[in-house]
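*Asks:* Start from the sequences, fold in the hints, and give me the full structure.
Protein chains: 2
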Amino acid sequence: MSPDPGRPFTVEPWVVREPSLDMASMGVTETVFALSNGHIGLRGNLDEGEPHATPGTYLNSFYERRPLPYAEGGYGYPESGQTIINVTNGKIIRLLVDDEPFDLRYGQLHRHQRVLDLQAGTLTREVRWSSPAGKTVKVRSERLVSLTQRAVAAICYEVEVEQPALIVVQSELVANEQLPTAHGGDPRVEAALHNPLVAEQHRSDPSGATLIHHTRHSGLRVAAAMDHEVRGPEGTKITSESSEDIGRTTVICRLQPGTVLRVVKYLAYGWSSRRSLPAVHDQVRAGLAAARYTGWDGLLDEQRTFLDDFWTTADVEIDGDAELQQAVRVAVFHVLQAGARAERRAIGAKGLTGHGYDGHTFWDTETFCLPVLSHLQPDAAADALRWRQSILPLAQERAQQLGFSGAAFPWRTIRGQECSGYWPAGTAAFHINADIADAVRRHVLITGDTDFEREVGLELLVETARLWRTLGHHDSSGEFRIDGVTGPDEYTAIVDNNVYTNLMAQLNLRYAAEVAARHSRAAARLGVNAEEMASWRDAAKSMRIPFDEVLGVHPQSEGFTHHEVWDFEHTPAEKYPLLLNYPYFDLYRKQVIKQADLVLAMQLRPDAFTPEEMARNFAYYEAVTVRDSSLSACTQAMVAARTGHLDLAYDYLAEAALVDLNNLAGNTDHGVHIASMAGTWNAVVAGFGGMEFDSSGLSFAPQLPPALSKISFGLGWQGRQLRVSITASEAEYHLVSGPPMRLRHHGEPLALADSPVVRPLPEPPFVDPVEQPYGRAPQARHPGG
Amino acid sequence: MSPDPGRPFTVEPWVVREPSLDMASMGVTETVFALSNGHIGLRGNLDEGEPHATPGTYLNSFYERRPLPYAEGGYGYPESGQTIINVTNGKIIRLLVDDEPFDLRYGQLHRHQRVLDLQAGTLTREVRWSSPAGKTVKVRSERLVSLTQRAVAAICYEVEVEQPALIVVQSELVANEQLPTAHGGDPRVEAALHNPLVAEQHRSDPSGATLIHHTRHSGLRVAAAMDHEVRGPEGTKITSESSEDIGRTTVICRLQPGTVLRVVKYLAYGWSSRRSLPAVHDQVRAGLAAARYTGWDGLLDEQRTFLDDFWTTADVEIDGDAELQQAVRVAVFHVLQAGARAERRAIGAKGLTGHGYDGHTFWDTETFCLPVLSHLQPDAAADALRWRQSILPLAQERAQQLGFSGAAFPWRTIRGQECSGYWPAGTAAFHINADIADAVRRHVLITGDTDFEREVGLELLVETARLWRTLGHHDSSGEFRIDGVTGPDEYTAIVDNNVYTNLMAQLNLRYAAEVAARHSRAAARLGVNAEEMASWRDAAKSMRIPFDEVLGVHPQSEGFTHHEVWDFEHTPAEKYPLLLNYPYFDLYRKQVIKQADLVLAMQLRPDAFTPEEMARNFAYYEAVTVRDSSLSACTQAMVAARTGHLDLAYDYLAEAALVDLNNLAGNTDHGVHIASMAGTWNAVVAGFGGMEFDSSGLSFAPQLPPALSKISFGLGWQGRQLRVSITASEAEYHLVSGPPMRLRHHGEPLALADSPVVRPLPEPPFVDPVEQPYGRAPQARHPGG
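So the sequence lines, in the order shown, correspond to chains S and L.
Heads up: the first sequence begins at 1 in the UniProt record's numbering, then just goes up one per residue.
Heads up: the second sequence begins at 1 in the UniProt record's numbering, then just goes up one per residue.
Simulated from the structure, these hints should not be mistaken for laboratory data.
Check before you lean on any hint, since a few could be wrong.
Pairs involving identical chains hold if they fit within one copy or between any two copies, as the list cannot separate such chains.
Unchecked claim - Derived SDA-like pairs (lysine to any residue); straight-line CA-CA distance at most 25 angstroms:
(1) Lys710 - Glu692
(2) Lys135 - Arg105
(3) Lys541 - Gly559
(4) Lys541 - Val565
(5) Lys135 - Ala517
(6) Lys575 - Leu750
(7) Lys541 - Glu564
(8) Lys138 - Glu748
(9) Lys135 - Gly258
(10) Lys135 - Asp47
(11) Lys710 - His194
(12) Lys575 - Gln396
(13) Lys575 - Glu397
*Replies:* Here you go:
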């Protein structure tokens, strides 16, 4: 139970424990211990605020505008961006022991433990500390962001003393906290924004306070309110005060050994771009009233019930690798936290756990995160796509500005406006539109929700199909080409006929025609007629998919396989990630891949490749993929499993799962990697589980990597709850709830009703090993690796 | 002799005359009337400073640094740029008539004429004006920037009165003039820099003053000094004063009708990045002393002698089109002005006539401007290439930063550092390196200067060849590819095997090997050995030149001819230039060409194309070239002539020649288009003259467009002065000076000695007409066009 060297956490199945304070890892622990319900996000900062790496309190879609400057401007470049900002911090509870501040940097720390409990949905902390003057206190705090009450967070803070002492607890709301400056020189670290909140109103009442601010440029209004329940010795006194940027409730008492001072802090947050100050004020006071009515124990109970229900379906069991077992559960937990109550707002690449990527949402929400949520938390997935529908007017405007029909969704955004300041790796990555369409397709297949298909999906599909129809063109040979775009791999840009993009656009066009035919009246209201549908089918049918006949592989895009291969042998380890040490110019024109692109196409469009092509392609692209993006390992895991490289798949799975617990990308302090975490689930379920589905149904082709003794996972399917368990010799299918169904096991049709069905696994195939670029193989985890 | 509507100038063979003040065209007249010797540039601002469009006093390579911001940064992006700045203005001579300022916006203007005299090298101005109080004065000024005394400019300013009046002349040096703000939104217009000069020293003496400043960020020191000779009536008084940013000499007298007040102002400029304040001070005082010693008449004489000598070789006669005749001479004159005394400094895209493009130097200096100077002013061409040699250390550093061997010259710069803030149309345009190498090759062929080849050329050739050798690679089929670069056409970027780039790199590699073999000891000192030379020859030999077998044309780059053709018919005229109204994304991926690229390859590498390919290629690219760049018409003129489209060539020639006189690009106020002007000469000489040369000698293939009755041009060739005259029926070759020589006339070998040789012209070939994109044909100038 002691942590690995360099990692602050122990390995335990259902909790993440930091057994002693690791100052050097504070940025990582703040991120991993972040609590969120998708609406509110609280980084795992210490109650007393300091020391910290990055204080963080976030509200989904609450952002500030900032200028996007260009050395040389151009038509259609966005002039301003959006940055998530640290809003009013309600986590802060300071403690004074006989007038000495409780600060871990001073005095003596006897014990410090923090535990994130994945079943309770809480972060608890236990400290035993002696002040410089020698007074010893025990502090216990427990924190939650409610998954059931969207606007609410709460903290239970308890103090005990070993010698009599005068105890002062200051529980605060702090706006415009001073923030550390962002790292210079790294394009992935966004500029910090200072003092973004302008005070509008503050008030205090005996047991709490409310602060209302608005952002200077984006004009959003935010209210934060707190209330307290205090249980302390006779004579405990509570007062509150407020000023523009501070609300403070002070609890003071003389504490004797054996007595506990307990302060329960209820927090409510609300924001709006439109509603009046009184309306937003009343909204947070109502949230606060509901929280206090529910009470601390009530909030804890609700939280556990919600999570019990979730884990019944969502739990993934991994036998034979305790570290991976923990990591997979943490991954699923953070995906849930990111999406659970986002409710028609964007799900960001970092959830609400850090300020990385400016808090933006990219294509990976649809491609990596929503497939998991569609199976495990379908309402959250539906809401995320409803958010895309809500920004369609902006996407249509953007398409028009760029000269196309339909909708062009932003490459990166918070509220819907394009915020990408470098178009070759931003706007040019039009595949995001097909990724959204495919998330619709998968969601409808997984849930069977045809109302959603008609009300939400149809419009998204029609508008994205229209984009592709004008973005591509038929050349003189009749092939439909999509030129000059950027695929998923950000080390290649502005290319013709990126296979991933073309295959996904093909599916988009084909599925749009299918859905428009299915909902013909609704489609007609969107102006779709038979001619237009025919033109989509025709473009899909003629879609150019380049193939290198000499090598027998698909080039990632036109001409790719003719490019020079990157000189991996002369690229030392410290030069990774390459984008920080080599010019885009050189990366783009050589065979070096940041992240799965053609391999991702094989994951999402297995129907478009023969098994032989899949094997050859996988081997070819393994040799040039450096995984400088956290979006890659999970996909490589999945495709490695599907091509029979079970040990390699296992290594990649661990890399994807451990990205944040082990800070593998070195930037976990900026927030968790939601896509890698979601991709972890997918690598288990679609990789080792071999799950595939289409309109003909659900199928599995389970395999187990030799190092593991069992994998078990659950998922939702068209109103059912399924559980699949895989051992070395067999797979068991269990219909936990819902009507009987049919599925396929390694191609064999099965009927599934009340009783579990067990089937033997085929022998694992023999495959030639594949190689990665010099120094870029994943850490070997499998025995003998 | 009256100007065309919309253009402020008359048509005359040897002068540019503005017969009356055209306030609306002031930006254009300031540019066209700019005087420069390549070291000092004075825009044609009015003596009294106001009204003005843009005040401009420039010193070659005197710049200020400015930050280059990026919304999303990247490795190797330059962090600061260089901007030419308006230095201390010594042109200003204010006049007060009985205490009323001479200002053309008030009072009554009876007559106003300005004349740029291409033979005298002066700008003269004659004004008759009545003050609001009714006093009438005549002012005559004449201005020159000395082509013989590099640091010197001078103005002769004369005043006469029609009624007795108290006359005050204030002759000034003004630093940190207030400038109009730059146009927003147009990426080609650079940000203005305000008050860039920090005062270091000022002094005055009775007849003049000196101001010394340094730039705030780039740390360059500049001195400007003036002295005056005054001839006026008895009692004329002269005083001078100075403060930090102003030096002022005041001349005061009571002037009677019939008497002339004459003030001759001598100006000297000097700057340095290294020399001390006293050194720079003494330098300008010495320049001033020399100017005063020469005297005004002496300076005028020197100027005319210099130009007489120049025009003897350089004059181009065009019979049958007076407007074109004038324009061609103006073009040659401005090319001379840009380069004459640049002396190992850069020759900018605008010369020293405006602040356009931040005063930067690009590839067009080598590709368009130097070929003309090598023939007409070879020392200036040699010096420009010596400047490139002097910045080799910076170019080597840049190559290393980008990961290549050899030298990577900056896409745009003043002092040698890369200043491009958008790499796809900047750093990626590596062809600039081959363009420099080719300028060396041509200069050595034209001058026969093998010392230059060894001392300057060799190093440039070796370092650029080394770049190409590492920038390209052999693919598995053995072809040498250059992937991911940008060719001349800025509406296509980051492509594989741009034919222009590959052909120029091929020549670069081949010629580098040839020169290294010729100067083997010098080459050995640069580390060149036989293996390296062999590797250059090998790369050149295996260079991939893509060809579209179906269409029978060369694609501009790999895959180009498969791209969608731009929808020209639905692109209204007001949407040009396209880059201001469409995203780069869409321009790059479609068949739409900003400027000659493959066609320029045919101009510079005619040896690489059969006549049939040339004809087909020209027709193909004509149909998709919109000429949104002023670098295009001259090349299209040249290749149109070479492919037999004589009328079209004539139309393009006129467009190239008239770009500034008729403000065809709409931005002449930012400075003249030196490349288009130089290209004009080339279109005449290499287009209609059919001039080509290589190591086997010089050849001509003259043709005359039907609209003209005669073309005559001169040029230098290996120590000789030649003149070629072309009429409809014959060509005359005249060896004006130098030893006998051989040349070819339409393939026929000729021996040329003392007597002119006359040869008949072949019948012009019949060719199918070619078409331009909808609305983008050049203005038809030929009869029946």
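*Asks:* 25 angstroms Cα cut-off: does Lys138 pair with Glu748 within a copy, between copies, both or neither?
*Replies:* Neither, since 60 angstroms and 105 angstroms both go past 25 angstroms.
*Asks:* Checking Lys541 and Gly559: alpha-carbon separation at most 25 angstroms within a copy, between copies, both or neither?
*Replies:* Intra 22 angstroms, inter 22 angstroms, cutoff 25 angstroms: intra and inter.
*Asks:* At most 25 angstroms between CA atoms: does that hold for Lys710 and Glu692 within a copy, between copies, both, or neither?
*Replies:* Within. Shortest intra-copy distance 20 angstroms satisfies the 25 angstroms Cα cut-off; inter-copy 78 angstroms does not.
*Asks:* Is it within, between, both, or neither for Lys541 and Val565, if the alpha carbons may be no more than 25 angstroms apart?
*Replies:* between (33 angstroms within a copy, 22 angstroms between copies)
*Asks:* Have a look at Lys541 and Glu564 and pick one of within, between, both or neither, based on CA distance no larger than 25 angstroms.
*Replies:* between (32 angstroms within a copy, 18 angstroms between copies)
*Asks:* Reference check for the pair Lys135 and Asp47, CA-CA at most 25 angstroms: within, between, both, or neither?
*Replies:* within (19 angstroms within a copy, 84 angstroms between copies)
*Asks:* Can you tell me if Lys575 and Gln396 fall within 25 angstroms by alpha carbon in one copy, between copies, both or neither?
*Replies:* Classified as between: cross-chain Cα gap 21 angstroms, same-chain 41 angstroms, threshold 25 angstroms.
*Asks:* Measure nothing new, just compare the shortest in-copy and cross-copy C-alpha distances for Lys135 and Gly258 to 25 angstroms and report within, between, both or neither.
*Replies:* within (14 angstroms within a copy, 105 angstroms between copies)
*Asks:* For the identical chains here, do Lys710 and His194 meet the 25 angstroms Cα criterion within one copy, between copies, both, or neither?
*Replies:* neither (50 angstroms within a copy, 71 angstroms between copies)
*Asks:* As a check of your reading, is Lys575 near Glu397 (CA-CA no more than 25 angstroms) within one copy, between copies, both or neither?
*Replies:* between (40 angstroms within a copy, 19 angstroms between copies)
*Asks:* With 25 angstroms as the alpha-carbon cut-off, assign the pair Lys135 and Arg105 to within, between, both or neither.
*Replies:* Classified as within: same-chain Cα gap 15 angstroms, cross-chain 85 angstroms, threshold 25 angstroms.
*Asks:* Taking 25 angstroms as the upper bound on the Cα-Cα distance, should Lys575 and Leu750 be classified as within, between, both, or neither?
*Replies:* neither (51 angstroms within a copy, 62 angstroms between copies)
When held up to the earlier numbered hints, the structure conflicts with 5, 6, 8, 11 and fits the remainder.
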